[in-house]
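Peer 1: Work out the full structure, taking the sequences as your base and the hints as a guide.
For the record, the sequence lines run as chains P and A.
Mapping to our numbering: the first sequence position 163 is 163, numbers consecutive.
Mapping to our numbering: the second sequence position 555 is 555, numbers consecutive.
In short, the hints are calculated from the structure, not lab data.
Among the hints, a few may not be true.
Stated by the list, open to error - The following residues of chain P were derived to be distant from chain A, with all beta-carbon distances above 10 Å: (1) Glu21; (2) Arg25; (3) Arg31; (4) Asp71; (5) Val75; (6) Leu79; (7) Glu86; (8) Asn99; (9) Ile110; (10) Gly118; (11) Ile132; (12) Gly135; (13) Arg136; (14) Asp141; (15) Gly149; (16) Met168.
As the list claims (entries may be wrong) - Just a few of them, taken from the derived set where beta-carbon distance is under 8 Å, the chain P residues facing chain A: (17) Cys58; (18) Ala88; (19) Glu89; (20) Thr91; (21) Lys98; (22) Gln116; (23) Tyr157.
For each residue, glycine too, the CB sits at the ideal point set by N, CA and C.
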Amino acid sequence: MQGRPQATSQFLERNLPPKLEVCLRVNGVERRIVLRPWTTLLDALREHLDLTGTKKGCDHGQCGACTVLIDGRRVLSCLTLAVMKEGAEITTIEGLEKNNELHPLQSAFISHDGFQCGYCTPGQICSAVGLIAEGRAKTRDDIRELMSGNICRCGCYPNILAAIEAVMQGAET
Amino acid sequence: MSVGTNSIGKPVSRIDGPAKVTGRAKYAAEFSAHDLAHGFVISSPIAKGRIKSIDRRAALATPGVLEVLAHDNRPSIPSSHEKYTDAVASPGSPFRPLYDDEVLFSGQPVALVIAEELEIARFAASLVDIEYETEKTTTDLDTQIDKAFAPSEKRMPGWDPPARGDVDSALSRAPNLIQKEYRTPVEHHNPMETFASTAVWEADGRLTVYDKTQGAPNCHEYLCSVFGLAKDKVQVLSPYVGGAFGVGLRPNYQLFMAALAAIGLKRSIRVTLTRQQMFTLGYRPQTLQTLTLGAENDGRLVAVKHDAIAATSRFEDYQEPTVVWSGALYPCDDSAVTSRLARLDLFTPCDMRAPGGAVGMYALESAMDELSYAVGVDPLELRLRNYSERDQNHNRPISSKALKDCYLQGAERFGWSKRRPEPRSMREGRELVGYGMATGIWEAFRVPTSARAVLAADGTLEIACATADIGTGTYTILAQIGAEMLGLPLDKVVVRIGDSDLPAAPVEGGSWTAASAGSAVMEACHGIRKELLMRAGAISNAPLKGVDPADLTWVDGEIRMRDNPSRGMSLSQLLLGLNEPIVSEVSSKPDEQALQDYSHYAHSAVFAEVRLDEELGMLRVARVVSAVAAGRILNPKTARSQIMGAVVGGIGMALHEETVIDHRYGRFMNHSLAEYHVPAHADVHAIDVIFVDEQEHRLNPLGVKGVGEIGIVGTAAAIANAVFHATGVRVRDLPITIDKLLELRRPMSNHAA
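Peer 2: As structure tokens, then:
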């Protein structure tokens with residue numbers, strides 16, 4: 001809030017970092033965007049591509065609301081600069097539905113009431129997709145531990161756990 | 001106006017679920033406009049003093065920066081504090097953002113940088129040089145105890161009930177005396193969505209504002225008052241709210257900022273707060289409480305004394321019902337409860353889930369637990385011996401109270417009978433095991449609310465009410481009530497809420513929305529029923545001609561005589577030839593006489609098991625059973641989630657949550673989700689929710705009491721009591737962290753931290 005490195009400010013006062021073109025494959029579609037290198041993937045999705053399903057809860061990698069899948073792995077988009085992901089395959093909550101059918105985790109979150117306000121939900125679901133793909137979670141405690149990067153302030157954890165467990169056991173299709 | 005079982009009481013999934021799991025649900029910062037610019041708030045690094053100068057040159061020289069608004073160049077705003085008040089304000093002088101050079105609290109918004117791009121606004125904010133004149137600050141409540149005062153103007157009259165009997169002489173005669181001090185820290189709500197307002201400047205000069213709020217009408221009135229706008233020139237919308245827990249009850253300063261900038265620049269502006277700035281809004285105030293219980297040897301209370309000192313700001317006397325429960329819950333002829341405030345150089349606190357109740361009941365129920373050991377009576381048995389059927393605060397009966405069922409069913413489900421009475425007597429492997437319990441209580445309100453129901457010729461029902469759904473399930477329960485009343489399938493009901501243009505509703509809070517908005521929707525639908533029956537009566541030879549509406553059932557699209565189901569008509573028959581939709585709008589009010597004659601409370605019994613690995617000092621809440629009596633449960637699925645979520649909040653309150661102040665700078669230090677720990681997945685284990693049967697007939701026609709707060713009340717005490725049972729260490733200073741447990745580790749020490 002106070003003080004700033006003089007050199008940085010003098011350099012940048014009149015010279016904003018130039019815009020770059022980046023090509024991302026978002027939810028299976030190639031998207032070319034022109035943005036400044038300081039733009040995070042999260043802001044690129046929300047502000048440039050109007051994909052507001054990915055949420056900003058802290059912008060510091062502390063809450064997990066911005067979780068997306070990059071090349072199949074769960075990643076915090078607020079800690080990822082968009083220009084670093086040239087050519088990457090990015091899946092957001094908007095890309096999980098296939099042929100107008102909800103992803104099994106999306107259905108399970110509804111049937112198990114795995115959310116209240118819904119703000120952490122896209123991150124929880126993307127994180128759970130990544131978790132299941134990783135294949136490391138064998139027990140309930142594993143799921144709890146490996147989902148702990150996704151905070152839910154409404155406190156839906158037991159229901160989120162039930163939803164993920166149901167999908168892992170193939171109960172939800 | 002009886003209700004059947006077609007839809008109400010069914011565990012249906014949230015109707016807003018598909019929107020929320022696909023990302024289609026749009027929150028305040030997710031609306032846009034072709035001319036949208038971004039505002040970034042500059043927060044004061046000092047807690048008290050004056051702004052000496054603002055150097056905006058470097059910021060304004062940055063390409064893309066449109067303006068840097070501060071007190072010295074903003075558009076005109078009123079000086080009267082009253083213009084900044086709102087429906088939830090406590091007595092005092094509400095904060096006026098960007099009004100003058102005075103700094104009242106750390107993190108106070110002092111300027112708004114507006115730019116074409118979000119990152120440019122944020123960067124340019126770092127280029128604004130503000131010089132301050134700093135004054136000494138006072139933020140340590142412990143230094144202000146002798147300055148604590150009873151506020152002259154009360155926020156609510158009933159929160160300070162008069163003393164009864166002679167408490168001091170009763171205490172002096174009591175064979176058992178417990179007198180302890182309990183402390184609760186500052187807590188921040190930290191909803192997952194940070195506060196945001198998108199103010200869209202319309203071509204005709206109107207303002208459409210998408211705001212994160214628990215009360216669109218409250219924010220609408222605030223904007224009209226502050227900016228002198230005609231009511232039809234502003235609309236506030238909050239279709240989805242990413243959590244709030246009380247911090248969205250009052251208009252927050254990002255709303256002011258977005259509107260000010262939109263009016264000043266005549267273009268659309270979005271202002272989003274950072275997570276750090278979320279710690280510059282209202283919070284649960286720190287409390288210092290002294291609980292004194294006098295009891296007979298069998299545990300029956302003879303005297304209860306509860307005094308609380310809570311922090312507030314320099315400019316508003318924020319008050320909450322902290323001590324009132326201690327005079328109401330257990331029978332006791334001699335009682336005195338008092339609450340005082342102490343002023344600190346902080347922003348004004350605000351309601352946070354079960355304001356007052358969560359902290360006050362932590363103290364009362366901890367003291368009751370201490371009494372149980374002193375008199376050698378099981379904690380559950382102690383509550384049963386002190387069971388009250390009257391509210392002695394108001395000397396009147398309680399309308400409905402199934403708390404005994406909560407105790408018994410909760411204990412049964414939990415396995416309370418397996419508890420050994422002595423502390424440190426239960427162990428499994430390396431872990432000490434503790435069982436604790438507590439009572440919960442929260443007032444059941446009903447407040448005036450309007451609603452509109454519109455039935456279209458195709459049998460679609462639209463429900464409209466300005467209330468909000470902050471994750472509570474409002475959309476779903478209102479749809480269920482509409483479906484129930486007219487015998488419609490749920491998917492034929494559309495619910496519109498979160499819009500200041502809709503029929504007026506108070507803020508969504510206090511656990512009153514189901515009772516208030518729900519009753520309004522029920523009454524509006526009753527108007528539709530009447531209209532339909534008039535149409536039925538107008539049809540010659542109609543089967544429902546001249547019948548008493550009370551004798552009818554409305555189920556599965558059929559209106560039939562209750563006693564003679566063969567006599568009836570289908571809804572579609574009645575809608576044939578309908579040219580215009582049937583509209584019914586009502587202003588629904590509680591029965592004032594019932595409010596005067598009876599007290600209305602929701603109750604709970606909370607049972608907790610904790611486990612402590614003594615070698616590692618790891619403490620966890622292994623399971624919680626919360627048995628709740630809250631009248632009729634409209635939707636057991638969403639209601640269970642509300643209780644469960646509140647129990648998680650109680651776990652945070654007991655073990656994790658505390659905002660720490662650096663008193664040298666008057667600043668919250670742990671202002672992030674990394675350092676302010678809210679419970680994560682790994683902190684939460686089994687939570688079992690029981691809704692006991694409770695028939696409530698007086699408060700509202702639905703028989704509901706609301707379930708938003710009751711789940712957190714008592715939970716922290718149940719956990720704290722379980723920690724004592726496991727360890728023999730009584731921590732009276734929340735949260736119960738490992739350092740406090742280690743410091744007090746002498747077995748059976750029973751001393752304060």
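Peer 1: Now look at each hint and say whether the structure bears it out.
Peer 2: Going through the hints against the structure:
1. Residue-level check passed: P:Glu21 sits 16 Å from the nearest beta carbon of chain A, beyond 10 Å.
2. Its beta-carbon lying about 18 Å from the closest one in chain A, P:Arg25 satisfies the requirement of being farther than 10 Å from that chain.
3. Even its closest Cβ contact with chain A, about 16 Å, leaves P:Arg31 beyond 10 Å, as expected for a residue assigned away from the interface.
4. Here P:Asp71 stays apart from chain A, with its beta-carbon at least about 20 Å from theirs, past the 10 Å limit.
5. With a closest Cβ-Cβ approach of about 17 Å to chain A, P:Val75 is found to remain outside the 10 Å limit, as its non-interface label requires.
6. Every beta carbon of chain A lies more than 10 Å from that of P:Leu79, the smallest distance being close to 13 Å; the non-interface claim holds.
7. Distance check on P:Glu86: its Cβ is at least 19 Å (rounded) from any Cβ of chain A, clearing the 10 Å threshold; non-interface status holds.
8. At roughly 14 Å from the closest C-beta of chain A, the C-beta of P:Asn99 stays outside 10 Å, upholding its exclusion from the interface.
9. With 10 Å as the threshold on Cβ separation, the claim that P:Ile110 sits away from chain A is violated: the shortest Cβ distance comes to roughly 4 Å.
10. Here P:Gly118 does not stay apart from chain A, with its beta-carbon only about 3 Å from theirs, under the 10 Å limit.
11. For P:Ile132, the requirement that its beta carbon stay farther than 10 Å from each beta carbon of chain A is met, with the minimum near 15 Å.
12. Non-interface status of P:Gly135 relative to chain A is upheld: no Cβ of that chain comes within 10 Å, the nearest being about 18 Å off.
13. No Cβ of chain A comes within 10 Å of the Cβ of P:Arg136; the nearest lies about 15 Å off, and the non-interface call holds.
14. The Cβ of P:Asp141 sits about 8 Å from the closest Cβ of chain A, inside the 10 Å cut-off, so the non-interface label is violated.
15. At the 10 Å boundary, the C-beta of P:Gly149 falls inside the reach of chain A, the nearest C-beta of that chain being 8 Å off.
16. In this structure P:Met168 is separated from chain A by more than 10 Å, as the shortest Cβ-Cβ distance comes to about 15 Å.
17. About 4 Å separates the beta-carbon of P:Cys58 from the nearest beta-carbon of chain A, less than 8 Å, and the hint is met.
18. Given the 8 Å rule on beta carbons, the hint for P:Ala88 is violated: about 19 Å separates it from the nearest Cβ of chain A.
19. Look at P:Glu89: its Cβ only gets to about 18 Å from chain A, farther than 8 Å, so that hint breaks.
20. Proximity of P:Thr91 to chain A is violated relative to the hint, the smallest CB-CB distance being about 12 Å (cut-off 8 Å).
21. At about 12 Å, the closest approach between the beta carbon of P:Lys98 and any beta carbon in chain A exceeds 8 Å, and the interface hint on this residue is violated.
22. Annotation: interface hint on P:Gln116 holds; nearest CB of chain A at approximately 3 Å, less than 8 Å.
23. Evaluation of the P:Tyr157 hint against chain A yields a held restraint, the C-beta minimum of about 4 Å falling below 8 Å.
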